[in-house]
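A.B. asks: Given next are the chains, with one letter for each unit.
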Amino acid sequence: MSVTMDKKFFFDRYGLAQADVERYLSAALSAGGDFADLYFEYQTSTSVSLDESMVKSATQGISAGCGVRVLSGERTGYAYTDDLSPERLLHAARTAALIASGPAKQPVVGLTNKPAHNLYPVPLPSVEAEVLAKVDLVQRADKAARAYDPRIHEVRVSYADELRHILVIGSDGSFAEDAQPMARMSVFCIAKDEIAGSARGTAGGGGRVALEYFQGDASPEHFAKEAARQAIIQLDAREAPAGEMEVVLGPGWPGILLHEAIGHGLEADFNRKKTSAFSGMLGRRVASDKCTVVDNGTMPGRRGSLNVDDEGNPTENTILIENGILKGYLSDKLSSRLMGIPNTGNGRRESYQHIPMPRMTNTYMLAGQDSPEDIIKSVKYGIYAANFGGGQVDITNGKFVFSASEAYLIENGIITSPLKNATLIGNGPDVLTKVSMVGSDLQLDEGVGTCGKDGQSVPVGVGIPTLKVDRLTVGGTGG
Amino acid sequence: MTVSAQERPGAAQTASTDLKEIAADVVRRAMQGGASAAEAVAMDGSEFSTVVRLGEVETLKESGSKAIGVRVFFGQRAASTYSSDLTSEGVQQLVDSALALAKVTSEDPFAGIPEPAQLGKLEGDLDLYHNDVYSLSTADRIDYARRAEKAALDADPRIINSEGGTFDAAIGYKVLANSHGFVGDYQRSYCSVSAVPIAQVEGSSMQRDYWYSVAMTLKKLESPEEVGKIAAQRTVRRIGARKVKTAKVPIVFEYTVAGSLVGHIFEAVNGDSIYRGASFLTGKLNQKIAGDNINVVDDGTMRGGFGTSPFDSEGVPSRKTIVVENGVLKSYLLNTYTAKKLGLQTTGNASRGLAGTPGIGPGNFFLQPGTKSLQEIIGDIKEGLFVTEFLGFGVNLVTGDFSRGASGLWIENGELTYPVEEITVAGNLKDMFFNIAEIGNDLEFRSSIASPTLRIDGMTVAGE
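Residue numbers (this note's numbering), protein chains in the order written: chain V, 1 to 479; chain R, 1001 to 1464.
Since the hints were derived computationally from the structure, they do not count as laboratory data. Don't take each hint at face value.
What the hints assert, rightly or not - Label pairs and their calculated CB-CB ranges: (1) 136/V x 1135/R: 52 to 60 angstroms; (2) 1135/R x 106/V: 29 to 37 angstroms; (3) 452/V x 1131/R: 29 to 37 angstroms; (4) 412/V x 1416/R: 38 to 46 angstroms; (5) 411/V x 1382/R: 34 to 42 angstroms.
Note that the Cβ used here is the ideal one computed from N, Cα and C, for glycine as well.
Using the sequences and the accompanying hints, generate a full structural model.
C.D. replies: As structure tokens, then:
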């Protein structure tokens, strides 16, 4: 398929022509190399934040630039510029070219567009009326949170959205363009009580959606009530226990377990370099046979979804673990080529200033057969973790943590007292082997996740059904 | 391999006068557009980084970027915009958007920029910029990374793999201008070298650790050989790490991790958290919040400090603030807005990037060192834990609850014994700062927040 240049965003805005692109790619390959690509990005963003019932700030921004990458064997040369003039682009291309040292190569002439998904709406650029609608959203959330309970003392709300246009052109003639919206609303509450002191609650959500999304179930009131509810519950929280015990994870965001415990360890770059605790474990058992885990970038409107990844390849639904057996890695162009495995379309980057690498999209476990009630009933003494803050993993020794922000004690099959924040710690390659029950209630998170790796942040999604882990260390202070 | 490495700093020099003019012009245009006050910030940064893995160059990255942000006020309403488009047209759009946006925000009685009398700059050379970080040829830079990794790989036969050696250099230039006529600028340089080796022996899991050196000049950077050697030592001592039984024991936090504990004091005295009641230190001014042995200082004026600057992000001169004196909380850290909210004076800690309202940033924030060496601190402990790495961020600043993953070494009869992992350490920050039993003599700045090694009693180690 050939491309009609004059209809395309970057060609219009910056007066790029196909001949220019070929010139930059030639410069990138001027010292040889296996492959080069140009990544153009133009991003607009708006955010509105409310504190003490006042809209204290409103911000809009524009950032644009181009990153030039040259691959030569296992080497990557990279340079970027925020000045899209031909001189600066050529300079960036020549700088990236320094990674290679051989005779010049020529890029393929002509461009080919791969078929891509169509997973999200493309909103029109922000207009003033839209800003007022965003102000209305944060004010509604403030009202709802304060109305929830008189002990809600402080409410902060933010709404942020962006629209990111990307264009990726490879020296192999590959060509992909996408317009990626992202919106997110967050509510933070503090509850205060004379006797119990203070406690916090947070909630939020969004995805690759337009403003209208927040007029449905994912309303400001929904997020506000959820944040307020958590803060009020935490007022009564007691010390979390310390030591190994049975842990039940609630559905949705607690899926961060998968992200930390196995997701990062299955990113192909770590496995190519054999620095992951999962290196060489393909085909081996890494989970109980009740566990099937996928990374799916093709879900409409989800925060981790993409029509194409940041190397221009369509995203996929990749099976990572099937009935407990490790099936695959998440790969990008470089790792798939060097490892001789399929490219799963997981090459992502934070912006034009960053080198792409294998990253997760939406990572979740498929639903099982157990009823959530039976799972709770089966626990004699343990904890039920309904919500989490963040997590982290050391991919080399496999140790991972994730911190419960809403958890309860389970005593004799019944959920009892709320618990203070506690970190859970485990070992990635064997935690899922201890999953003895998998609920029928798969949920994805509401759209709040941001993943950090090597200093680069990208939006992701996670999900699980209710899960029972037979043994996990709970990092409380109680007996 | 050769490269025009010197080009960027030269370009930044020319750009600096431009950026000052552009920032002042943005303020002027905002005032002409009807704003009652305005403030512009402009930044120009260059970065270089390379990773060498198993002796081969893996990545080489070199680039620079510029951008500008503006904050405008219509009376008590504020809004901000930012852009990387510095053309006259782009700048006008930046200003127009900010002026339009300010119409949708609320009247906030405390909004505004500092008073003219509060503005100023520290005089003299603060030693923040050395162009030697960009003086090396690309080949020499790669060699730094290669030498660091090689030293790690050669140090011990149990080092079997590596995530690589790195060398990074960066230069940042910042301009601030406001409608009281303030225009200030400064430049900052940075370089670092690191090694991340991986060790393994038959029958145990892989372990990785790292070491790095960071400085504002190559002259103060540790040698790559030293960095690689320390990285290897730290990595091999983790081999065979195991879990321990859940227990309450004294915990020694190595200075590499103790800084993050002291960082929680910084977060808790942040004026934004204080006026919102989002800190466990809200309302504690002039009260005891730590033991008598605890003194904490924020000093934005130290020559060559990572947290030093001639003025803060609102144009207020940086200063030295005693935060905790003999355990008593003496001062919060404030910018103009939070000071007005609390009826206090700004401490010159305004911090901002391109977008939005200024927050609070540290100068050089540290806990005053004591006199004991690490050996002396550990020598007193019959059974305890020496923490060398944290995992995760399980800290609740509203309540002070603290629970984080950790790894390190077990202490028995005053000596470090076997490595420990897959455990958590937990307590409450309100108690932890009262229970600092020992303070080391090893304060070393590797970022703007630092602490010597600390022994804290009464915390829970959760394991088996």
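A.B. asks: So which of the earlier hints does this model not fit?
C.D. replies: Nothing - there is no hint that the structure violates, so all of them hold.
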